[in-house]
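Student: These protein sequence lines are chains A and B, in that order.
Taking the working numbering, the leading residue of the first sequence gets 1, the next gets one more, and so forth.
Taking the working numbering, the leading residue of the second sequence gets 1, the next gets one more, and so forth.
Derived by calculation from the structure, the hints in this document are not laboratory data.
Be aware that a few hints might be false.
To be verified - Subject to a maximum C-alpha distance of 27 Å in a straight line, what follows is the list of computed DSS-like cross-link-like pairs (lysine-lysine): (1) Lys-99/B x Lys-344/A; (2) Lys-49/B x Lys-344/A; (3) Lys-57/B x Lys-22/B; (4) Lys-234/B x Lys-57/B.
What the hints assert, rightly or not - Which chain B residues stay away from chain A? Per the calculated CB distances, all over 12 Å, these: (5) Arg-32; (6) Pro-34; (7) Val-86; (8) Arg-116; (9) Gly-229; (10) Ser-230; (11) Ser-261; (12) Gln-265; (13) Leu-308; (14) Arg-329; (15) Ala-367; (16) Ile-373; (17) Asp-384.
Just so it is clear, CB atoms sit at the ideal spot from N, CA and C, and this is done for glycine as well.
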Amino acid sequence: MAKRPQIQLRTSPHAHAPDDVVIIMRNVVFALLPIAAWSVWLFGISVLALLATVTLTCLASERLFNWLGDRPGTLGDWSATITGLLLALSLPPGFPLWMGAVAGFIAIALGKALFGGLGMNVLNPALVGRAFVQAAFPVAITTWTPAFFAGRFGEFIPTTLTAPFMSPVPVDQWLQQVAVDAVSGATPLALSKFEGVRPPLQDLFIGTTNGSTGETAGLLILVCGLYLAFRRMLDWRIPVTIMAGVVLTDGAFYLLDPVAYPDPLFMLFSGGLMLGAWFMATDMVGSPVTPWGVVVFGLLIGFLTVIIRLFGGLTEGVMYAILLGNAATPLIEQITQPRVFGQKVGK
Amino acid sequence: MGLLNLFRHPSFSHGIHPAYHKGATEAVPIRRLPFPELLVVPLSQHIGKPAIPVVKKGEEVVRGQPIAEADGFVSVPLHAPATGRVRNIDLMPTARGPKAPAIVLEVFGGSTQGVRWSHPRDPASMSHRELIRAVQDTGLVGLGGAAFPSHVKLSIPDEHTVATLVVNGCECEPYLTCDHRVMLEYTDDLIRGVQFAMQATDSERAIIGVEDNKMDAIAAIQAKLPGDGSIEVKAVETKYPQGSEKMLIKSVLGKEVPSGSIPAQIGVVVNNVGTLAALGRLLPRGEGLIERVITVTGPGVARPGNYLVALGTPIGFLLEQMGCCEGGRNEFVLGGPMMGPAVSSLDTPITKGTSGLLVLDEPELEAQAPPPIWPCIKCARCVDACPMHLNPSQLGLLAAKRTYDLMAERYHLNDCFECGCCSYVCPSNIPLVQYFRIAKAINREQAA
């Protein structure tokens with residue numbers, strides 16, 4: 001020992017697991033990228049523009065609220081990027097860009113910054129943004145355009161470039177020009193609910209049906225979700241219990257009347273269920289931390305989704321089911337506190 | 001998860017799998033070290049009242065001679081670790097932080113490793129009371145780190161009966177390998193110590209629990225077990241904190257120690273392998289505990305290994321022997337990285353409860369540089385890691401609000417044994433266990 005060393009003093013533990021918030025969030029972004037890429041392939045440059053607009057609005061809003069709150073920038077934690085991507089993936093392909101920007105701003109402002117930023121929000125920010133535009137722009141958010149239309153990489157869907165604060169033009173005429181097989185502008189859930197028609201499952205698996213940009217390819221979402229689950233950056237119990245809740249609830253109705261009610265597999269792979277179950281309900285901030293709480297949370301969301309889909313005025317229920325699940329999370333945690341080692345039950 | 005457990009050795013639920021870093025020392029046989037010029041023997045190296053010195057300044061002592069006596073039942077005597085002269089009895093640095101009284105011994109240049117003071121006897125013929133007394137006379141304490149006097153642990157209160165002695169050979173802390181080497185090299189002492197402990201506690205059987213990353217130790221013990229089947233060895237899953245008393249009991253017996261109770265409540269007493277190996281060696285000879293095996297390791301050490309060192313050896317002397325510290329920042333941890341305290345002075349001595357010296361050098365410290373602390377994102381990793389099944393996430397939020405009483409009353413803060421799993425896994429780098437230590441200390445202060 002040539003000279004006396006400088007002595008560092010810290011409290012134990014003097015070791016740390018390799019994962020941190022940034023690594024986890026970055027991997028969620030990585031897992032969302034294939035879904036985003038596939039949606040661009042399905043719907044063309046309109047979706048690319050929408051993804052970029054919404055995500056950049058979210059990042060800009062996050063930075064704005066950092067600045068207003070006189071806090072260090074938080075763009076580096078990637079959470080605003082996730083919010084932007086998820087939000088864009090849950091909007092219709094031809095959603096006007098200016099409305100997408102509104103949704104992005106609302107998501108960060110009302111969904112996140114209002115509560116105090118990362119970790120403080122009660123509800124999933126992306127879904128707050130989507131719920132807002134669902135209420136504000138009911139026509140635009142239910143205007144669906146088909147996948148694989150000709151020229152999707154050369155032209156925008158007419159509604160995409162609607163001028164700010166203007167309503168989008170009707171797309172019926174444009175649809176007649178481009179529609180591959182004259183499918184009406186309805187999602188599988190709407191077709192099922194109002195006309196009793198259900199598309200073949202393979203279409204639902206790969207996403208060639210109408211629907212929001214990123215929600216239609218059920219299998220792809222499953223694969224991306226499993227990647228995160230295997231890296232332990234996503235709690236697999238949440239999607240599994242949501243799917244169980246859906247199958248149990250819908251299965252009961254299906255057994256009662258297989259004609260009036262859709263089969264559980266259709267329920268699982270239609271609409272936003274896969275995207276919601278794997279990427280939105282699993283937002284760590286809004287889901288319970290207790291082991292049994294997670295199960296209650298998932299089953300509740302699955303149950304609510306099916307009830308809204310079958311009996312509500314809307315065709316899709318995943319968004320509201322997850323928001324209700326988020327809102328119920330503090331309560332669920334209260335009643336599912338873990339049994340402490342060495343304590344008797346109920347103490 | 002449940003299915004995978006079928007293929008694993010038994011374990012408790014939750015816990016973590018940190019990087020173990022045991023490769024540098026696990027195959028290095030135990031070696032003796034020379035004496036330093038000065039030994040610093042703190043009067044309090046154990047839980048309970050400090051020992052009372054029986055030597056005076058300037059007095060000459062021989063290696064093994066008692067130099068301080070126990071103050072009451074929950075206390076142990078001290079013995080001279082080397083032949084030499086008492087320089088003085090003064091306040092010296094300790095691992096716990098504040099300076100504490102210690103006997104400072106000038107070691108004679110000619111002092112040998114031979115023990116000059118002993119009272120050989122036959123423990124098998126002793127009564128309970130005599131046996132406990134003899135254990136206390138050795139000055140033995142829990143060598144796993146707790147430093148709780150062994151004779152107190154082996155004195156089972158009248159209202160309890162103990163059926164099973166669980167012997168803790170887990171060594172679940174990363175880096176440490178001293179117990180592993182003790183099991184391999186001092187196997188006979190260990191078996192004898194287990195038998196003495198069974199005699200003292202009236203246990204019918206003993207189970208030695210060893211993590212399954214030390215299968216060679218399991219084989220070594222198995223080969224020496226007595227034929228009557230009273231002692232068995234069980235492999236348990238390699239997982240931190242397997243070596244915690246309550247976790248190990250759960251793993252080998254499937255029983256939970258009720259909150260706030262001692263294992264004797266459910267008929268179990270737990271002792272560490274290092275402690276019992278020392279007991280097996282010291283008790284028949286009637287010697288005192290004057291040296292112990294420690295692991296000196298870490299990225300900052302040139303010659304890592306397992307060493308038999310005299311108690312009171314300052315860590316600065318060890319570092320000179322091992323070759324360490326090319327300038328720059330270093331962190332010196334006594335024990336393992338999960339629970340061991342870092343020390344602020346190189347004059348801090350090795351005491352009875354020190355199981356290792358871990359040196360983290362500048363590159364290692366840079367690699368784990370103080371990271372930014374993000375808000376809790378409620379990822380529940382701490383909830384899934386806590387071996388006590390607490391809710392560290394909730395406790396952390398309450399600690400930030402300084403509602404310490406609520407933490408204890410509603411969220412079982414006092415069941416936390418500060419293993420550090422929550423801080424280890426937290427992706428937001430929230431110092432959870434550090435918060436809980438403060439909360440517990442403040443609650444204790446307010447109760448007093």
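Student: Hey, is Leu-308/B genuinely clear of chain A, shortest beta carbon separation above 12 Å?
Tutor: 22 Å, holds
Student: Could you let me know if the closest chain A CB is still more than 12 Å away from the CB of Asp-384/B?
Tutor: 7 Å, violated
Student: Mind verifying the non-interface call on Ile-373/B? Its CB should be farther than 12 Å from each CB in chain A.
Tutor: Per Cβ check, Ile-373/B is inside 12 Å of chain A; nearest 10 Å; violated.
Student: Is it the case that Ser-261/B keeps its Cβ farther than 12 Å from each residue Cβ in chain A?
Tutor: 8 Å, violated
Student: Should the label of Arg-32/B as a non-interface residue stand, given a Cβ cut-off of 12 Å to chain A?
Tutor: 21 Å, holds
Student: Say whether it holds or is violated: Pro-34/B keeps its Cβ farther than 12 Å from all Cβ of chain A.
Tutor: 16 Å, holds
Student: Could you let me know if the closest chain A CB is still more than 12 Å away from the CB of Ala-367/B?
Tutor: 10 Å, violated
Student: What's the verdict on Lys-99/B and Lys-344/A, does the C-alpha distance respect the 27 Å limit or exceed it?
Tutor: 42 Å, violated
Student: Take a quick look at whether Lys-234/B and Lys-57/B sit within 27 Å of each other, Cα to Cα.
Tutor: This hinted pair is violated, its Cα atoms lying about 49 Å apart.
Student: Over 12 Å from every CB of chain A: does Ser-230/B meet that, or does the non-interface label fail?
Tutor: 28 Å, holds
Student: At 12 Å, judged by beta carbons, does Gln-265/B keep clear of chain A as stated?
Tutor: Violated: least Cβ distance 10 Å, not greater than 12 Å.
Student: According to the definition I'm using, a residue is off the interface if its beta carbon is farther than 12 Å from all beta carbons of the partner; does Gly-229/B meet that for chain A?
Tutor: 30 Å, holds
When held up to the earlier numbered hints, the structure conflicts with 1, 2, 3, 4, 11, 12, 14, 15, 16, 17 and fits the remainder.
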